[in-house]
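Protein chains: 2
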Amino acid sequence: MAEEAAQEQPSPTAPRPVRCIVKLGGAAITNKGELESINEESLRSACAQLRQAMSESDGDGAPGKVLGMDWSRRHGDPADPAVDAERIAGMAGLGFDTNFIVVHGAGSFGHFQASRSGVHKGGLHSTLVKAGFVATRISVTSLNQEIVRALAREGIPSVGMSPFACGWSTKQRKLASADASQIIQSLHAGFVPVLHGDAVLDELLDCTILSGDVIIRHLSQLLSPKYVVFLTDVHGVYDRPPTDPNAVLLREIEVDDNGSWSIVKPALLQGNNKGVAAHDTTGGMETKILEAAVIARLGIDVYITKAGTEHSQRALKGDVSTDSEDWLGTIIRSSK
Amino acid sequence: MAEEAAQEQPSPTAPRPVRCIVKLGGAAITNKGELESINEESLRSACAQLRQAMSESDGDGAPGKVLGMDWSRRHGDPADPAVDAERIAGMAGLGFDTNFIVVHGAGSFGHFQASRSGVHKGGLHSTLVKAGFVATRISVTSLNQEIVRALAREGIPSVGMSPFACGWSTKQRKLASADASQIIQSLHAGFVPVLHGDAVLDELLDCTILSGDVIIRHLSQLLSPKYVVFLTDVHGVYDRPPTDPNAVLLREIEVDDNGSWSIVKPALLQGNNKGVAAHDTTGGMETKILEAAVIARLGIDVYITKAGTEHSQRALKGDVSTDSEDWLGTIIRSSK
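The listed protein sequences correspond, in order, to chains S and A.
Throughout, the working numbering is defined as the position within the first sequence, counted from one, plus 5.
Throughout, the working numbering is defined as the position within the second sequence, counted from one, plus 5.
With the rest of the complex left out, here is chain S (with noise of 0.2 angstroms):
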C-alpha cells in the first residue's frame, strides 16, 4: 500500500511530463492594424478554451465556478475586487492537469518598436537601439502581463516568465542560453508557464529579437510535449495566401527524418510542396512549416488551426487524429 501511495505521488525531483505547449499567435490575439490593442474577446474566448482542456472532466458535467486568480483591479474600475478567501480555500483543489506551457506572439504589441529601432539587428551602442529595446520590452511585457491576467481570471494558475529576465540570451541570433529550470519547477509546483517573444541580449550582436516560435521549438525538444498546438487567425497553413479565393487549406504534412516534407492530405497537391513557398508572398507560412517540421521531426505531433473555434478546442484537447475529416486545420507529424 505505501508503495503504490508513493508511484502514484509523483517524485519531487522528477519532472512530468508536460502534456501541451501553446502558441497564442500575435494575430489572434491583437488586433493587428491597431497599436498595442488586444483582441478581447479571441483571448478570453482561448483562455476559456485552454481551461477546458485542461479539465479532467471531459466537459460533459456542468462546469463549477471559475476560481478566479486575478485579484487586481481592472483600469477604470472603481471597485476593489471581491475574494471570497473561505470558499476558495476549502476547495479541495483545481481539479485541473495545470501541465501546459503558453508562448505568445507580439502581434500589434513590440513590432512597432522593434521595428522603429532595429533591435533585431543588435548594436546596443547605437542610442536608437538601446531605446528601442527598452521600448520593445515594455511593450511585449505588457501584453504577457494582460494574457496572464487573462489566463488567471479564467481560473489558470498562470505565471509570466520574460526570456529575457530568464537569462535566456542568443549567439548571432540563434538560442545560446536557455535554462528551462525554471519553467520546470513552476510546472512542476503546479503552475503554467507564460513566456513570449522577446528582446534579449546577443553574444555577437549585442541584442536582437528572440521568437516565441524558436522559444516553442527550443522547449519542445527539452521537454517533449504529447503536442503542440499553434492558435491563429486562419484555419491553418494554405497553399497560398488565405485571403486568395483558390487557397487550399493542407490538411496534413508528413516530415522525414531529414527534415524535408510533403502534403499528404489533401491528395491533389501531393509532390508539390515546392507550391507552397513560391505562393507564399506573406513570408510567415513557409516559416511556420519549418519550425513546426523541427518539432514534429522529435515524434511530436503540431497542429495549427484558429483561434476560438471548435477546432481550436480539439487541438487544445489533443483530440485530433489524422482521420478526423470534420476538424479543420494543419496536422504537421513524423512520417514514422
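Be careful, since some hints might not be right.
No distinction is drawn between identical chains; accordingly, a pair holds when it is met within one copy or between any pair of copies.
Claimed, not checked - Below, simulated SDA-like cross-link-like pairs (lysine to any residue); rule was C-alpha separation at most 20 angstroms, straight line: (1) Lys-126 with Asp-89; (2) Lys-176 with Asp-89; (3) Lys-37 with Arg-78; (4) Lys-176 with Gln-190; (5) Lys-126 with Glu-91; (6) Lys-70 with Val-88; (7) Lys-126 with Ser-147; (8) Lys-37 with Pro-83.
Read the hints as simulated data drawn from the structure, not as lab findings.
Quick caveat: nothing in here was measured; it's all calculated off a predicted structure.
We have chain S already, so just place chain A on it with the hints.
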C-alpha cells in the same frame, strides 16, 4: 595607444562596479490607503532625481531633452506615441552613468493578495495559497511594469526583472538560489535592472514572499555598490513612530563588526539604542536598521531619506557625508 584604448574599454567579462542600489519604498511610490494606486507625482520625481544622479555633469549645465524610452500607449491615450528615430539615432550616447540597480517595494500592490491568501506561509496544496500566489505576482509585476515605464519615460534604460522569473527561490524563507548573472549582464549592456519583492518558490514551504530589502542585502553582498539609498515617505529612521511629535530623527548610526549598532547622532540618544525597538510600534524601523546594518558592515554606506526632496537628490548622487549638517536623513555606516 592600443593598450590605452583597451584599458578604457571595459573588458566584456569584468563587471563594472555598481555605483548605487536604490530602494524605491512602497510607501513612497504608492498611495498606501488605496488598493493598487501609484503616487504618480512621487514616482515621477524619484525617476527624475535618479536620472539627474546618473548624469555625468553635476547638473549645472542645461539638461538635454529627455530621450523617452517608453514608446507604448498609455491607458486612455488615443494617440500613438511619437518617436523621432532620426534624432535619437543621431545622439552620441546617453551621457549617463547607468550603473544603478533599482529595487522597489510593493506598497499598496501585492499586500492585499498576499495577506488574503497567506502566500508567505507556503503550502501550495491549498487552493487559496495557489490562487493567492498567482494574484500576488500579477499585482506586484503590474507595479514593476509601471515603474519600468516611469523610469523609461525619464530616459533611463530600465529593464524589469522579476525575481521569480529569474529563478530566485528560498528555503525556509531564507534566500537559497539567487543567480545574479543576468543582472550583471544587463548592467554590463548598459541597462538598469528593476527588481521587486515577489512571490517565490520555497524548497520547504512550497512558496513564500521574498522582500525587496532581502534582495538589496543580497545584491549588496554580491556586487559591492558604492552606496545604497532607501527612499521612503519620512525623513529617515526615528527613535519612535514619526507621527509622534516627540520623535527624533536618528542622523547617524554606526555598525560594529559584530553587527551591533549604536546611535552616533544626535548625541543625546547615544547609548540608548534599545529605545528604538521599544518605541517602534509599527515594527518596521528595527527591521530596516537591521537590514541596513548588514549592508553597512560590508563598508557600504546606507542612506535612508525622504523621496522627492533635496535630501533624496543628494543621497542618490552619493553627495552625503557624516559632516553634512544640512542633509536630512539617516546614515548607517560601518564603525571602521
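Here's how the hints hold up against the structure:
| no. | hint | in the structure |
| --- | --- | --- |
| 1 | Lys-126 with Asp-89 | between (50 angstroms within a copy, 19 angstroms between copies) |
| 2 | Lys-176 with Asp-89 | neither (48 angstroms within a copy, 30 angstroms between copies) |
| 3 | Lys-37 with Arg-78 | between (26 angstroms within a copy, 15 angstroms between copies) |
| 4 | Lys-176 with Gln-190 | between (26 angstroms within a copy, 14 angstroms between copies) |
| 5 | Lys-126 with Glu-91 | between (53 angstroms within a copy, 17 angstroms between copies) |
| 6 | Lys-70 with Val-88 | within (13 angstroms within a copy, 46 angstroms between copies) |
| 7 | Lys-126 with Ser-147 | neither (23 angstroms within a copy, 29 angstroms between copies) |
| 8 | Lys-37 with Pro-83 | between (30 angstroms within a copy, 16 angstroms between copies) |
When the structure is compared with the earlier hints, violations turn up for hints 2, 7 and for no others.
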